[in-house]
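Undergrad: From first to last, the protein sequence lines are chains A and B. When we follow our numbering, the leftmost residue of the first sequence carries the number 543, and every step to the right adds one. When we follow our numbering, the leftmost residue of the second sequence carries the number 308, and every step to the right adds one.
Hints were generated in silico from the structure; no laboratory data involved. Mixed in with the good hints there might be a few duds.
Only pairs whose alpha carbons sit at most 20 angstroms apart, straight line, appear in this in silico SDA-like list of lysine to any residue [what the hints assert, rightly or not]:
| id | chain 1 | residue 1 | chain 2 | residue 2 |
| --- | --- | --- | --- | --- |
| 1 | A | K582 | A | I653 |
| 2 | B | K415 | A | P550 |
| 3 | A | K582 | B | T417 |
| 4 | B | K415 | A | K564 |
| 5 | B | K418 | A | S580 |
| 6 | A | K583 | B | P347 |
| 7 | A | K583 | B | G335 |
| 8 | A | K582 | B | A393 |
| 9 | A | K578 | B | Q365 |
| 10 | A | K582 | B | P314 |
| 11 | B | K415 | A | I653 |
| 12 | B | K415 | A | D627 |
| 13 | A | K583 | B | Q352 |
| 14 | A | K582 | B | E373 |
| 15 | A | K564 | B | G360 |
A few chain B residues that don't get close to chain A, going by computed Cβ distances all over 10 angstroms [claimed, not checked]:
| id | residue |
| --- | --- |
| 16 | D315 |
| 17 | I318 |
| 18 | N331 |
| 19 | Y332 |
| 20 | Q349 |
| 21 | Q352 |
| 22 | K368 |
| 23 | S391 |
| 24 | Q410 |
| 25 | L411 |
| 26 | T412 |
| 27 | K415 |
| 28 | T417 |
| 29 | S420 |
| 30 | V421 |
Source: prediction; values computed, not measured. Just so it is clear, CB atoms sit at the ideal spot from N, CA and C, and this is done for glycine as well.
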Amino acid sequence: ETGVTQTPRHLVMGMTNKKSLKCEQHLGHNAMYWYKQSAKKPLELMFVYNFKEQTENNSVPSRFSPECPNSSHLFLHLHTLQPEDSALYLCASSQDGAQPQHFGDGTRLSIL
Amino acid sequence: AQSVTQPDIHITVSEGASLELRCNYSYGATPYLFWYVQSPGQGLQLLLKYFSGDTLVQGIKGFEAEFKRSQSSFNLRKPSVHWSDAAEYFCAVGAGSGAGSYQLTFGKGTKLSVIP
């Protein structure tokens, strides 16, 4: 039990589909993050939310749309994805300030 | 901007042997440094962290790391490796974003294989 739960664990979708990834943290943290992990590349930070406000958007294409309704939940809405978007998407959370980030087990996304 | 280099993509050691995984970073100020481990099909688990103070930090599962400012390094060590340590290891440097959270920059990872 990592304290950060991601659903679904696996997702296969066509390029025209719309789906959402969900992340929930049970740690009382104030900051939440989305990362993309592709083969042979470093983890890429996508979005950062702090106290429900988006504080970072690292030049992510608009086909990825994050949503943070409260400090415990984070969503990543997906639409019109490309094959190169196939990857492991990791959610993390941390207390505000320079505290370690705690990661979920990720959603393995495959785009057909 | 900060960066992290893990020069070894893949390391193989025998069970019971000692281990050292290398990490070099580039950052203009005092860094926050982390080591994470990732087992197949799972997320990242924090092994240890360095924020300040004693440059030798102890972590979980018998791991330790030493911060050497002069070498810009934060190498991970374990005196005796167990088969269950086979996984991928990531070094990361953290920098405050000025908005109450901070960003981690990760290395590409080192995959550890353990021979029985």
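Undergrad: Are the Cα atoms of A:K582 and A:I653 separated by 20 angstroms or less?
TA: Since the Cα atoms of A:K582 and A:I653 sit roughly 18 angstroms apart, the hinted pair holds (cutoff 20 angstroms).
Undergrad: For A:K564 and B:G360, compute the direct alpha-carbon distance and say whether it is at most 20 angstroms.
TA: Given pair A:K564, B:G360 is violated - Cα atoms ~38 angstroms apart, limit 20 angstroms.
Undergrad: Measure nothing beyond the straight line between the CA atoms of A:K582 and B:P314; if it is 20 angstroms or shorter, mark the hint as holding.
TA: With a Cα-Cα distance of about 13 angstroms, the restraint between A:K582 and B:P314 holds, given a limit of 20 angstroms.
Undergrad: Does B:Q410 really sit off the interface, with its C-beta more than 10 angstroms from all C-beta atoms of chain A?
TA: At roughly 6 angstroms from the nearest Cβ of chain A, B:Q410 sits no farther out than 10 angstroms, so the non-interface label is violated.
Undergrad: Is the nearest CB of chain A more than 10 angstroms from the CB of B:S420?
TA: holds, 17 angstroms
Undergrad: Taking the shortest Cβ-to-Cβ distance between B:N331 and chain A, state whether it exceeds 10 angstroms.
TA: holds, 14 angstroms
Undergrad: Is the Cβ of B:L411 farther than 10 angstroms from every Cβ of chain A?
TA: violated, 6 angstroms
Undergrad: Between the alpha carbons of B:K415 and A:K564, is the straight-line distance 20 angstroms or under?
TA: violated, 26 angstroms
Undergrad: Under the criterion that the straight-line Cα-Cα distance not exceed 20 angstroms, is the pair B:K415, A:I653 satisfied?
TA: violated, 23 angstroms
Undergrad: Is the claim that B:Q352 lies outside the interface with chain A correct, judged by CB distances over 10 angstroms?
TA: Given a closest Cβ separation of 7 angstroms, the condition is violated.
Undergrad: Are A:K582 and B:A393 close enough, with their CA atoms no more than 20 angstroms apart?
TA: holds, 18 angstroms
Undergrad: Should the label of B:S391 as a non-interface residue stand, given a Cβ cut-off of 10 angstroms to chain A?
TA: The claim holds: B:S391 sits with its nearest Cβ about 18 angstroms from chain A, beyond 10 angstroms.
Going down the numbered hints, you'll see the structure goes against 2, 4, 7, 9, 11, 14, 15, 20, 21, 24, 25, 26, 27, while the others check out.
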